[in-house]
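Participant: Here the protein sequences come in this chain order: A and B.
When the letters of the first sequence are read in order and numbered with the numbering used here, they come out as residues 609 to 1041.
When the letters of the second sequence are read in order and numbered with the numbering used here, they come out as residues 531 to 866.
Heads up, some of the hints might be wrong.
[To be verified] As a list, the in silico BS3-like pairs of lysine-lysine whose alpha-carbon atoms are at most 25 Å apart: (1) B:K695 <-> A:K725; (2) A:K789 <-> A:K911; (3) A:K725 <-> A:K789; (4) A:K748 <-> B:K856; (5) B:K637 <-> B:K771; (6) A:K748 <-> B:K841; (7) B:K841 <-> A:K825; (8) B:K841 <-> B:K771; (9) A:K825 <-> A:K748; (10) B:K841 <-> A:K815; (11) A:K789 <-> B:K841; (12) A:K815 <-> B:K768; (13) B:K817 <-> B:K768; (14) B:K841 <-> B:K718; (15) A:K718 <-> A:K815; (16) B:K817 <-> A:K718; (17) A:K914 <-> A:K886; (18) B:K718 <-> B:K747; (19) A:K789 <-> B:K856; (20) A:K914 <-> A:K718; (21) B:K817 <-> A:K748; (22) A:K825 <-> A:K815; (23) A:K748 <-> A:K815; (24) B:K856 <-> A:K914; (25) A:K815 <-> B:K771; (26) B:K695 <-> B:K637; (27) B:K817 <-> B:K695; (28) B:K771 <-> A:K825.
[Said to hold, decoys possible] Ranges of calculated distance between the beta carbons of each label pair, as one might list FRET restraints: (29) A:G782 <-> B:I599: 50 to 60 Å; (30) B:Q834 <-> A:N994: 50 to 60 Å; (31) B:I661 <-> A:Q842: 43 to 53 Å.
Hint data in this document are derived by calculation from the structure and do not stem from the laboratory.
All values reported here derive from a predicted model rather than from experimental measurement.
Virtual Cβ for every residue (Gly too), placed ideally from N, Cα, C.
Spelled out, the chains give:
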Amino acid sequence: MSTNVRDTALFGLVAVLLIGTGMIQGWNSALLILNMGLISAIMALGVNLQWGFAGLFNIGVMGFVALGGLAAVLVSTDPVPEAWQAGGLRIFAGLALGALTVVAAVQAQKRLEGRTKTIATLVILVGGFFLYRAVFDPGKVAVEAVNPAVSGNLGGLNLPILLSWPVGGLLAAGAAWVIGKTALGLRSDYLAIATLGIAEIIIAVLKNEDWLARGVKNVIGLDRPVPYEIDLQQDPGFVERAASLGLDPVTASTLYTKIGYAILFTIVLLIILWLAQKALNSPWGRMMRAIRDNETAAEAMGKDVKGRHLQIFILGSAVCGVAGAMMTTLDGQLTPGTYQPLRFTFLVWVMVIVGGSGNNFGAVLGGMLIWWLWVQVEPLGLGMMNILSSGLEDGSALKERMIDSAAHMRLLTMGVVLLLVLRFSPRGLIPER
Amino acid sequence: MDFLNAIVAFANFVFVPGLAYGAQLAIGALGVTMIYGILRFSNFAHGDTMAFGTAMTIWITWGFLALGISFGPLPTALLALPFGIIATILLLLGTDWAVYRFYREQKASPVILVIVSMGVMFVMNGVVRFIIGVRDIRFADGERFIITAREFRDMTGLNEGLAIKTTQAITVVVALIAMALLFWFLNKTRTGKSMRAFSDNEDLALLSGINPDWVVKVTWMIVAALATTAGVLYGLDKSFKAFTYFQLLLPIFAAAIVGGLGNPLGAIAGGFVIAFSEVTITYAWKKVLVYLMPESLEPDGLVQLLSTDYKFAVSFAILIIVLLFKPTGLFKGQSV
Chain A
609 MSTNVRDTAL
619 FGLVAVLLIG
629 TGMIQGWNSA
639 LLILNMGLIS
649 AIMALGVNLQ
659 WGFAGLFNIG
669 VMGFVALGGL
679 AAVLVSTDPV
689 PEAWQAGGLR
699 IFAGLALGAL
709 TVVAAVQAQK
719 RLEGRTKTIA
729 TLVILVGGFF
739 LYRAVFDPGK
749 VAVEAVNPAV
759 SGNLGGLNLP
769 ILLSWPVGGL
779 LAAGAAWVIG
789 KTALGLRSDY
799 LAIATLGIAE
809 IIIAVLKNED
819 WLARGVKNVI
829 GLDRPVPYEI
839 DLQQDPGFVE
849 RAASLGLDPV
859 TASTLYTKIG
869 YAILFTIVLL
879 IILWLAQKAL
889 NSPWGRMMRA
899 IRDNETAAEA
909 MGKDVKGRHL
919 QIFILGSAVC
929 GVAGAMMTTL
939 DGQLTPGTYQ
949 PLRFTFLVWV
959 MVIVGGSGNN
969 FGAVLGGMLI
979 WWLWVQVEPL
989 GLGMMNILSS
999 GLEDGSALKE
1009 RMIDSAAHMR
1019 LLTMGVVLLL
1029 VLRFSPRGLI
1039 PER
Chain B
531 MDFLNAIVAF
541 ANFVFVPGLA
551 YGAQLAIGAL
561 GVTMIYGILR
571 FSNFAHGDTM
581 AFGTAMTIWI
591 TWGFLALGIS
601 FGPLPTALLA
611 LPFGIIATIL
621 LLLGTDWAVY
631 RFYREQKASP
641 VILVIVSMGV
651 MFVMNGVVRF
661 IIGVRDIRFA
671 DGERFIITAR
681 EFRDMTGLNE
691 GLAIKTTQAI
701 TVVVALIAMA
711 LLFWFLNKTR
721 TGKSMRAFSD
731 NEDLALLSGI
741 NPDWVVKVTW
751 MIVAALATTA
761 GVLYGLDKSF
771 KAFTYFQLLL
781 PIFAAAIVGG
791 LGNPLGAIAG
801 GFVIAFSEVT
811 ITYAWKKVLV
821 YLMPESLEPD
831 GLVQLLSTDY
841 KFAVSFAILI
851 IVLLFKPTGL
861 FKGQSV
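Isolated chain A (complex conformation):
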């Protein structure tokens, strides 16, 4: 079997799984899985850029995804003028002071020598911190006091939410630049811990800085790029067309919006995939892989290893940011409490490794396949437990325990899948070529 046939067959398998889901569990579930699968595929592409192309061990994916979500809120929601009047200026002055402090400290580190350097840096950092708090805190309190039940934040720019997808990428890229500047020089496993920590910090900021996106009070009811189901159901033209297809208006409207999302996501996925393929097969992509395979040799050839690493770290994180903004758009809400590293960092890693690191199609396949599995493991596990425990009498402790534990099948299955692939097919389903 030639490799092309094999790859096509694997994608065919995903299609069969999705169509099967549609026929057995309903097309709404299938489309739901497809949509998140497309987003997962984009996240996997982002990680594949960093790990597959350049060998950068980034386990802070969750943070960049969350930043994308933040972009969706900041771009699409209405501004809150009262909040801006109450303390918007103070907040931004405070943030600017904070940034200035860091810049000044870095400059002091660079320019000064010996003991003066240490003392100056400490003075700048400590003084700057208190100055920042003095300017920033009153602003924060004032903003958060403005109508806290519905807003309590500065609001957004009231622009179309589609715009937030590139903005999410930019936001993630900005964060990645800062992180890359400080952490990329570290060894691989130090970089891993550093990115893990940064992701946690980003989530902590989202949870606690209510003035930004309402923190754990969540932002709900974000704009949508597709029409609302309820509007479709009241549109006589739509109802008629649905009836002509033999569908009732409610089902038709939900399918219509989901297909709308699916088309949008597919377009984005194809664009990013095309760009990633172009990059992979360009001299730049070959240089990246050369650096990955032998840093010393690449450096000897005059390649700027640190610079290239920073570049691809930013690019990969930006892709994750785009995916994050898309996901928040699909959900219609930003809930910082739901971001968990197992789901948003490590699961994406499973996708990349299983799909095949270093191969963009592999990453896409892994994203779709693993997402399908992630969703379906629970019902499958429950079914299995029901069959296994059918011999036991109802209400027995063991039976209940077995059925309860089906809910925890997910993590176990993901771990087993990852370990099996690493052991028996370490280059993934569609290996690098």
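Mind docking chain B on chain A? Use the hints.
Facilitator: Just chain B now, with coordinates in the frame of chain A:
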């Protein structure tokens, strides 16, 4: 008097909790550092190993309680701890046999082993949820306090009280015992010495006839004991929840790296550095400062440098600072 009050407030809210938390982190970091030193990879499954050991210990504790066995004023979990350790040893030896051994024979690069440990992390996380669920579990019994704040106030006549929880005292005592045992083992026994030799220079160690399989097995056993102890102490002091243990990975790794990966002394120092910085930076200092400052200068706010939710930021910031200035950690660690 004011000065004494300030010291007592400081001890009550910063020093004692920091000491207990530091001891827990130190034992956790010792496990990470042992694996790094001898097996040469960063084990991401360590938090979940701790969770597994604690979950087993909790079940055994419940078993003891059901049989009517208790440990008097001390928590029953301490009696169950050795059995929890044995269960964890079996789990880790099984994992090594089924998973890690293959990659060791292949001489896979450390980063592959890290990814493998990610898979193990998923599996263990699932297993822990199977065993005990996702609820928040408190399993400390016996006396809650050695001295309560009220007793302390009555005894000394100060305004501030100093409460010392039994679990805090136990944590420190058990941690000291565990560290003493570990260092005795590493420095005095034949196996311990061969482990150190293996960690310093694998080739030379193999050349001088050290059995690598035995060294690896003993390492996993020690790691199981350390991880279970750290997990049980943390769970006794606070509470057990699978997800919290996973999140402990960050401060534990920060501690191990700050101290210098692969260096046991460094892990202990790192644990306390991380713990005390987390506690001091997220503590609202007003309570201490009101006693020290003249009334006119008393602070209005809570004088809290960062809210407690940012404690990750603290471990992380220290990690970065140390790595930027001393890439091998405070004590000299290894680098692969």
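Participant: Looking back at the numbered hints, which does the structure fail to meet, lowest number first?
Facilitator: Hint check: 1, 4, 5, 14, 15, 16, 26 fail, others pass.
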